[in-house]
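Using the sequences and the accompanying hints, generate a full structural model.
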Amino acid sequence: MSSKKKTILKVIILGDSGVGKTSLMHRYVNDKYSQQYKATIGADFLTKEINVDGDRTATMQVWDTAGQERFQSLGVAFYRGADCCVLVYDVTNTKSFENIKSWRDEFLVHANVSSPESFPFVILGNKIDIEETKKVISVKSAQDLAKSLGNIPLFLTSAKSSINVDPAFEEIARSALQQNQNDADAFEEDFNDAINIQLDGEADSCAC
Amino acid sequence: MLRARLLDTINSPGIASILPIDQSRRLVLVKTNGNIEVYSKEDKRLKLFQTYPKLLQDINTNNSAVRDLFYSEELSTVFVQYDNVIALLNGTNFHLYDRITDKRTILKCWLLESQHDKTTYLIYQTKEYSKIRVLIWHNRTYKTVLETHLHSNNEIMKSVDFDKMGLLITTNIGIYFWQLGPQPKFAKLDKNFVKLKYPNDLVSLLNELQGQTLKIRPSKQKKAKPELYNKGKISNDNHSTISKSSKISAKSSFSNLWRRKDEVTTRKKQVNNIAGIRYAFHTDYGKSPVVLDQITQNLFQLEILHGDGSDSPSTPSYKMIVHDHSEFFKHYSMFSDVQYIETNILMLNNYEDIKFVDCNSGFTFLDQNISEGIKSVKLANDTVFLVWTDDDQIQLYEYQVDDDVRSAIQGVNDSQNDSNSEVFSLCSQLNTEFEDLWRKVLFYKFFLNSSNSIILCNSSNPQESLNIAAMKLRDLTVMWCLEIFEQMKSLLDDLTRYSIEITNIQNLIIRDIFTSFIEFWAPPELIILKTFPFRLSRLVSDITGEDHQCLFQDNEVQNDNKTKSTTYEIPAKVFTEWCIPYLVEMRRHMKNLMINKEKGITWKYQDRSIQEHFDFFLLNDHKSPTIETMLELLDTVLFEAYLQYLPTMLGPFVRVSNMCNEKIVARDLREHHLFEELIDFYFQRGRHTEALEFLTSEFFNEAETGATRDEIKGKIKILVIAYLTKVPSDFLDIIFKYTSWLLENFKATTDEHEDILASILFRDSPLKQKTYYLKIYDFINIYNQALSMKYLEFIFSTGISDSAHLHTILIRRYLQEINNTRIRAKLKSMLETTIFYDPQNVLVLLEEMLDKTDLSDDQRSFLNLLRTYPLNRLGEHEKALNILYVELSSYSNASSYCEKLYHIEEKEGIRVLMYWYQKLIEEYGQNSDGEAENQTKSATELIKRFLKDHSRKLDATAVLKILPKTISMDDLGDILIEIVKFNSIKKNDLRIVKNVLQVELVNKSKELNDFLSTNVNLTEMYTCPVCNKTFSSFTVDSIFWFDMPNDKKCVVHYNCGRVLQSRLEANIQRKKSIQEKFPNFLQIVRKCCSRLKGVHSIKYSSKASVLPQDHLNFLPTKRI
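Quick mapping for you: the protein sequence lines, in order, are chains A and B. FYI, in my numbering the residues of the first sequence are 1 to 208. FYI, in my numbering the residues of the second sequence are 209 to 1328.
Be a bit skeptical, because a hint or two may be false.
A short list of chain A residues far from chain B (calculated; beta carbon distances all over 10 Å) [what the hints assert, rightly or not]:
(1) G18
(2) K32
(3) A77
(4) I152
(5) N182
Once the Cα atoms are required to be at most 20 Å apart in a straight line, the calculated SDA-like pairs of lysine to any residue come out as [claimed, not checked]:
(6) A:K135 - B:K586
(7) A:K101 - B:D972
(8) B:K405 - A:D190
(9) A:K134 - B:S1009
(10) A:K95 - B:G1007
(11) B:K807 - A:L74
(12) B:K934 - A:S148
(13) A:K101 - A:L74
(14) B:K586 - B:E550
(15) A:K101 - B:G859
(16) B:K339 - A:D200
(17) A:K95 - B:S1009
(18) A:K95 - B:D972
(19) A:K134 - B:S1005
(20) A:K134 - B:F1002
(21) A:K134 - A:I163
(22) B:K781 - A:S114
(23) A:K135 - B:D972
(24) A:K135 - B:F1002
Hints were generated in silico from the structure; no laboratory data involved. Even glycine gets a Cβ: it sits at the ideal position worked out from N, Cα and C.
Here's what the structure looks like:
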């Protein structure tokens, strides 16, 4: 007996505090933006139905995390089953860019993914709406970083002005789906074939 | 485990039926004579509260006996079941308010209530035609009645349970699902029975594993087979364990018995027992319903699949997961009645015994004998149950944890009590260490998960006791899991090949064990020593210095018996999947503990939140390592695990903050030639010398000769540069040392040197200490002076340094190259625009330069010009002006200097301009004494030019006062006209402003007068709207005048004013709260509130008098 399982894509957003993780999530899922900064506590998630291969749908579960405490507050259970990890930095904040590598490393340690070398990451350089003079991370250095981490897809986004957010998440969904598919291939059915049981208490009650 | 205590007994002959009502803590007894007796439960005793004589006689027209009673909390109704009637009585006064009549004879009735969706179901089966009818109330309102018929006329309903979508009905010959809702559907569930491929509990998995290993191990099968089959026999005879080494009892292997052929005959005998239990229940709302089926000796778990898009949502498909429960029924076949209590516990009873049994494992937690014989047992509120005995007694029992458990959770030493605390149970006769552990684990889980935990523990400090119980459960679970691991190990030991089944079962066992270890924060030392491969477990003694031999004493005895040690190791894939997360989780807890040493960290289990400290992770009777040592152990074990099983994770792991043992990690990385990881590890640990020493000495010297050597050297150069660029500025000495090494070992062109120096030392981010910039400058200066100057320019242009000293250095460097026009421009721009240099020092530098005799005029002029910038910053504007006007003879420079100054500091600018003007006048005076007409003319021209450029900024009177009289008006005519024009424009502007302000004043005065002139007429007939009394014209009193929200004016007495004021305020407050609750409503309410403009206190009197100030609460007092 086969059972169709609904595809749920678990996407985790990581990055320094204040880089715009929550804003990106809200922009993508709700198409809304709030100027007000409110620190995330622990973790929070939103879901969005996405189209896969034209006719199939999947649910994308976008997990937003608190950037303040790094990995001390969330246990391995949180990261288990992640299909894609989004690393966010702020184009006006050098430190947040420098920390991208360590966010990636910390994620790999905590998520315990089966093949770290092929696990999908996506880098988002957020806040590109801000005036040029305040930007401290050049496109070149971001591209170099993405290349050095294994040709990770890079998107320069603005949650505020809704620049490049949808294409970025489309790529995230694609990567997550691919990863999910790989995991699903390894999935084994939980049940044996159907068995026959006579509930009326007749003699040949059970064939097993 | 649990113990029932008889609280009270009442004798009441002639009982027809009993009904405990939880909500009001009452017991209703219906007598055969039609009386109703109501007892209330007070202080754990039953007291007769009221008797309703012959109440039911009038209802029962057919004179049939009361068959059963039910109570609906939602409807507050007692349902009395007769043969053909169900009477509905008011739950408080037992007045009959409705009746349901069915002439087909009501066979059996059930009342179910779902508190989640506020729905009540009354279900009954009719004797004739075998119909089932359900009446449904939703939110206390009767909704509908539905009826269906069973497939056979001989079918008898056994039980009923509800799911979100409908009712699960069991009969003696089938199980049905009655889907309710708009399109009801009654379906027999006679297909889609599936078995889990692998059991879902650890003990069953272990048994399954045992069966599988015996298949693989033909040589041992001969020995083992009798044991296995003995197990069945032993089980039947209630004897001991399967084997000494495995310690698995017959009881613990329900699922294993599933396939046993010798059991089939037994089951076939039992399946014919159509009178057996077929009980449907659910463990929690929303969870799948379960059917405990004695007829087929199974436990069915119903999974309803609510459509996946392909099926119509109105016809959900289902799946019945079958769990073999033959062992359960073997032991409890004598029990005919079953009721679900909570958290997997069932209450079974027969004529003389009541048992509380875990529905999965079959362990008994309570056993109560009722010598008087049992007619019926009813669960009452909390932990109370009522027994209606054969001699018409009602016995009130309360169950609680027994003394042994209580002493354990209240901190009394319980080591002896625990082992001797057996009550009669399924496993007590098969008492083994393992079963005892298993039973305790299940019992403590039930205890902590129970909604009545606090009452169950019967402690003066229940929260503390429950916390201790949770910690006890933690210890027991860890020990139990370790025991299972040991059994698994002994089964798999020496096995050379695994079947797919063995691999999968092993995976599941380890998954479940380590999930428990993570959930219960199992002590790391214990888990590593007991479960990890020797390569990893030896690290415990290497790092903590503790051997922990005591943990292996039992094993040694066993090993001695077997004369060999175990060789089993967790397979790599399983280890990475389930064991590594445990290590990661434990290191996270240790890190949190390091941050919160005093406060501790919170361990949560169910609804318990317990603050735990480091000792929670330690073993008893062992030396206590520090948190740092524990973290070192965990990290090093994790490192070795990665090295062994998942090398791709080594890089990320060594790059994150870790406390691995440095020697071990460095040694292993070198041995495995993982140099990149080694360098990353050194870098993360701040061991830069070691890292660079490795790169520049060991690695460099190991480079082979010839072309490869050069190639490797080139790579080393890149690696060293890359490393040095990352080294924090705190390690400047190291940076300098290895930069020098690079420069010495890679002798190349100046450009290449520049590249090396620049890429290592030119850093965008600010350095930790300001002195570092100077050190770096000095270092670069040794190798490349041009680059050192560039370095200073770089740090100033990026804004990472504002050191005055470094600025002075750069200025001095610029002055040395004063002939260079580009340098000149830079120097001028720097002095003109920067504020970070020390002007005094720079002035000295410039003057020192000017003292030199070999300067050209051009250089001297330039230096003099530069002097004006520091002088400007020092406020010595006259000196600066003199340089510009006198020494450099530049009227335009002097003029622009004054202009800039005037715009920055107006007063200072005027003062300097006046100084310059006087200077011009003096100059004119000196020239006019002489005879040089040309000089006089040029002086006049200068004055004229000055007045034209700056006269507007100066006071015209002061300027004209000192103007030499010899200058003709003709010369100054145009300038004076311009001054007059300028001043008249200024005057006009001021006049306009003055007029605008006057208009504003008039407007405000009018508003004030309007406000002061508002009035209200009080006639003799006018009554106060609050008290409806008139205002006396003979008393002197204060009254209030309110502008009401509807723009009406309202005059009230002083005291009434207070009342009205409080009413208005309450109204506003209420509207505010509505605003908060309903933000969209806010704007409408706000519009209304805004009309309440304020209240005035006024005074009326036949004589004018002054009111005390404290009476004037609001806006200005008015007089009428």
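Do the hints match the structure? See the list:
No beta-carbon of chain B comes within 10 Å of the beta-carbon of G18 (chain A); the shortest separation is about 18 Å. The non-interface label for K32 (chain A) is consistent with chain B: the shortest C-beta to C-beta separation is roughly 16 Å, beyond 10 Å. Listed as a non-interface residue, A77 (chain A) fails to keep its Cβ farther than 10 Å from every Cβ of chain B; the least gap is roughly 8 Å. At roughly 14 Å, the least C-beta separation between I152 (chain A) and chain B is larger than 10 Å, which holds for a residue marked as non-interface.
The Cβ of N182 (chain A) sits about 15 Å from the closest Cβ of chain B, beyond the 10 Å cut-off, so the non-interface label holds. Between K135 (chain A) and K586 (chain B) the CA atoms are separated by roughly 74 Å; this puts the pair beyond 20 Å, and the hint is violated. Proximity of K101 (chain A) to D972 (chain B) is assessed by CA-CA distance (about 19 Å); at most 20 Å being required, the pair is judged to hold. In summary, the hint linking K405 (chain B) to D190 (chain A) is supported, as the alpha carbons are separated by about 6 Å, within the 20 Å threshold.
Using a Cα cut-off of 20 Å, the hinted pair K134 (chain A) and S1009 (chain B) holds, with the two alpha carbons roughly 19 Å apart. Between K95 (chain A) and G1007 (chain B), the direct Cα distance comes to roughly 17 Å. Compliance with the 20 Å bound is thereby established for this hinted pair. With a CA separation close to 19 Å, the supplied pair K807 (chain B) and L74 (chain A) stays within the 20 Å bound. Distance restraint check for K934 (chain B) and S148 (chain A): the Cα-Cα separation of roughly 15 Å lies within the 20 Å cut-off, and the hinted pair is therefore satisfied.
Distance check on the hinted pair: K101 (chain A) and L74 (chain A) sit about 19 Å apart at the alpha-carbon level, within 20 Å; holds. This hinted pair checks out: K586 (chain B) and E550 (chain B) have alpha carbons roughly 14 Å apart, not beyond 20 Å. For the proposed pair K101 (chain A) and G859 (chain B), the alpha carbon gap of about 11 Å is at most 20 Å, so the pair holds. With a C-alpha separation of about 18 Å, the suggested pairing of K339 (chain B) with D200 (chain A) holds against the 20 Å cut-off.
The straight-line distance between the Cα atoms of K95 (chain A) and S1009 (chain B) is roughly 19 Å, inside the 20 Å bound, and the hint therefore holds. A C-alpha spacing of about 12 Å is found between K95 (chain A) and D972 (chain B), which places the hinted pair at or below 20 Å, so the restraint holds. Taking the CA atoms of K134 (chain A) and S1005 (chain B), the gap is about 15 Å. The hint holds against a cut of 20 Å. A distance of roughly 19 Å separates the Cα atoms of K134 (chain A) and F1002 (chain B); the hinted pair therefore holds under the 20 Å criterion.
Taking the CA atoms of K134 (chain A) and I163 (chain A), the gap is about 18 Å. The hint holds against a cut of 20 Å. Only pairs whose Cα atoms come within 20 Å are accepted, and K781 (chain B) paired with S114 (chain A) is accepted, the gap being roughly 9 Å. Proposed proximity of K135 (chain A) and D972 (chain B) is supported: the alpha carbons are some 14 Å apart, at most 20 Å. Proposed proximity of K135 (chain A) and F1002 (chain B) is supported: the alpha carbons are some 19 Å apart, at most 20 Å.
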